[in-house]
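So the protein sequences, as listed, match chains A and B. Taking the working numbering, the leading residue of the first sequence gets 1, the next gets one more, and so forth. Taking the working numbering, the leading residue of the second sequence gets 418, the next gets one more, and so forth.
Note that these hints are calculated values from the structure, not bench results. We treat Cβ as the ideally placed atom computed from N, Cα and C, and that holds for glycine. Hints may contain errors.
Unchecked claim - Chain B regions said to be covered by chain A (calculated; three or more residues, Cβ under 8 Å):
id : segment
1  : 418 to 432
2  : 495 to 508
3  : 516 to 526
4  : 532 to 543
5  : 581 to 591
Unchecked claim - Simulated DEER-style distance windows between Cβ atoms:
id : chain 1 : residue 1 : chain 2 : residue 2 : range
6  : A       : Lys344    : B       : Tyr586    : 51 to 57 Å
7  : A       : Trp200    : B       : Thr506    : 41 to 47 Å
8  : B       : Cys492    : A       : Met20     : 32 to 38 Å
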Amino acid sequence: MSLTLEDPRIVEFDVRTDEMLVNMGPQHPSTHGVLRLLLKTDGEIVHEVTPHIGYLHRCAEKIGENLSPPQWIPYTDRMDYLAAMNMNLGFSLAVEKLIGMEVPEKAMNLRVIISELNRIASHLVGMGAYGLDLGTFSPFLYAFREREIILDLFEEACGARLTYSYLTIGGATHDLPGEITIPPGLAQLTGRDPNMRLQWVDALRMFLDWMGPRIKEYHTLLTRNAIFVKRTANLGILTREMAISYGCTGPVLRGSGVDHDLRRDGDPIYTRMYEGYKYKIPVAPFTDPEFGKLPREVVLGDNWCRFFVRMMEVAQAIEIVRQALDRYPTAKGEYRVPFKMNSKLPTDEVYLETECPRGQMGFYVVGDGDAEPFRARAKSSCFCNLSVTGPLCQGVLIADIPAIVGSLDIVMGEIDR
Amino acid sequence: MRIEDIHQRLVDRFGTETIVTLKTGVKDPWIEVACDRIADVAAFLHDDADLALDALNDLCGADWLETDPKKKTPCEPHVEVVYHLYSYTHKHHCKLKVKVPRWHDGQAGQLPRVPSVAHVWGIADWHEREAYDLVGIEFTDHPNLRRILCPEDWEGHPMRKDYEFPLEYHGVRGK
Numbered sequence: 001m002s003l004t005l006e007d008p009r010i011v012e013f014d015v016r017t018d019e020m021l022v023n024m025g026p027q028h029p030s031t032h033g034v035l036r037l038l039l040k041t042d043g044e045i046v047h048e049v050t051p052h053i054g055y056l057h058r059c060a061e062k063i064g065e066n067l068s069p070p071q072w073i074p075y076t077d078r079m080d081y082l083a084a085m086n087m088n089l090g091f092s093l094a095v096e097k098l099i100g101m102e103v104p105e106k107a108m109n110l111r112v113i114i115s116e117l118n119r120i121a122s123h124l125v126g127m128g129a130y131g132l133d134l135g136t137f138s139p140f141l142y143a144f145r146e147r148e149i150i151l152d153l154f155e156e157a158c159g160a161r162l163t164y165s166y167l168t169i170g171g172a173t174h175d176l177p178g179e180i181t182i183p184p185g186l187a188q189l190t191g192r193d194p195n196m197r198l199q200w201v202d203a204l205r206m207f208l209d210w211m212g213p214r215i216k217e218y219h220t221l222l223t224r225n226a227i228f229v230k231r232t233a234n235l236g237i238l239t240r241e242m243a244i245s246y247g248c249t250g251p252v253l254r255g256s257g258v259d260h261d262l263r264r265d266g267d268p269i270y271t272r273m274y275e276g277y278k279y280k281i282p283v284a285p286f287t288d289p290e291f292g293k294l295p296r297e298v299v300l301g302d303n304w305c306r307f308f309v310r311m312m313e314v315a316q317a318i319e320i321v322r323q324a325l326d327r328y329p330t331a332k333g334e335y336r337v338p339f340k341m342n343s344k345l346p347t348d349e350v351y352l353e354t355e356c357p358r359g360q361m362g363f364y365v366v367g368d369g370d371a372e373p374f375r376a377r378a379k380s381s382c383f384c385n386l387s388v389t390g391p392l393c394q395g396v397l398i399a400d401i402p403a404i405v406g407s408l409d410i411v412m413g414e415i416d417r
Numbered sequence: 418m419r420i421e422d423i424h425q426r427l428v429d430r431f432g433t434e435t436i437v438t439l440k441t442g443v444k445d446p447w448i449e450v451a452c453d454r455i456a457d458v459a460a461f462l463h464d465d466a467d468l469a470l471d472a473l474n475d476l477c478g479a480d481w482l483e484t485d486p487k488k489k490t491p492c493e494p495h496v497e498v499v500y501h502l503y504s505y506t507h508k509h510h511c512k513l514k515v516k517v518p519r520w521h522d523g524q525a526g527q528l529p530r531v532p533s534v535a536h537v538w539g540i541a542d543w544h545e546r547e548a549y550d551l552v553g554i555e556f557t558d559h560p561n562l563r564r565i566l567c568p569e570d571w572e573g574h575p576m577r578k579d580y581e582f583p584l585e586y587h588g589v590r591g592k
């Protein structure tokens, strides 16, 4: 519930105090990184919020002007480090569009598996950390238990656990691995022998089979928990018009009732990856009976809707990965098209957005006949999503600020670039 | 609507003085707009029912200067602002460009001026602050033109091609 001083019920018993400036952050745990919020407060009520960003700024765009695209891939990892695969993919596709490269079916299939799997991992962190913001610890532990297995599988595929640089221009650096030892977490959870050897794709299938039924438990634990609903529903309401004007994208936009997903509505070079897949795009107010009954307090565009979109996308991503796994063995072509480190870029420019877990990440690449792009620009989705905090947090209680900022699910590495 | 049709509508409304060119034959065709009228053009694109470009996907600046003496400059040195627009209603894109000289009145250090579009799209506020901070473009009529990513007392604009990293910042050695 948002309280304002104009509300007569409050002015009656509230005594106006001096305005106070409170710094929240940059080391506040619920600001998800080094974000400083300057709050202008009157008692417990916040009048104005000014976000101060830039603590992680390293001018990645300037670095991008001095490196060739394959060399810049590791820098895109470090933007949204919770969904590094999706960042790699976004930049690779932008460069591929610039040079007019078409990747084979097998590479596209691999990319769908990997990027959707990373979406699950990223949303799990989003869910766990949001629980932490609101004072519940256990969902965080479950979320990280599941994410651990995904990271183990990624480690088998590319050797890294967080900053992968796996998807690259032309496809991926390696094909998916063959036989592996079962990830320890998966062996424990499914009661298998920890020394069991199996194919990577079978380990992934085993994980998906185990993960699918767990989602219901998260809903019991968090989504429909009475305290959680009280803290999130009918709070931080972002209207459709405001969401569009402030450039909000991804789950934030869909939580406000705009049916837009780049996997379906984006550029052909991106949507052709998802051709023929069956999946539902969750959009508030969730009229589809599959989503179940919503809590009574929920209003279109509030914190709960944004959170619920993410949770539903976990289920959606599991479905997509399953379908991609079914196609993978028969997919045609190679896992990559060779692209030289010093290949020259044509004199042209492209801007391409892809659907990352946190929203639409855009890359604008300008070539001038050199190996290094003339301008490499990364438009961050979190940057736009965060810009809405100021208008969204007017007149709320201080304790509700973490609930609102957490529901935007920001990663500072991407905002500051 | 295709960009050719959007261009035609803009020419009918504003004339060729304002709508300078339509650049085709590239991957993303763009419309070049005269700097002094960009705010009016933006408001028209946003409000017109047939265009309804209600989302500003990206706004960024770029400094066109070739610093390597061995290469020839692809064009006259200038600074440009690139607008990537999208319509959720009609699902079409539009790309605009505004070109200005690298320095206002030809004096080094005087930032070039471009009218702000922050009153048309909410997000333009932050994107313009970033373009001001990194590329060094002054957006006139901007509600709050401060640095956003660099510290407030930072000197220079890092995305300029001739930018030199400071030797020292608050006692920290730079180079």
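To see whether the hints hold, each was checked on the structure:
no.	hint	result
1	418 to 432	violated (count 0)
2	495 to 508	holds (count 4)
3	516 to 526	violated (count 0)
4	532 to 543	holds (count 5)
5	581 to 591	violated (count 0)
6	Lys344(A) <-> Tyr586(B): 51 to 57 Å	violated, 36 Å
7	Trp200(A) <-> Thr506(B): 41 to 47 Å	holds, 44 Å
8	Cys492(B) <-> Met20(A): 32 to 38 Å	violated, 53 Å
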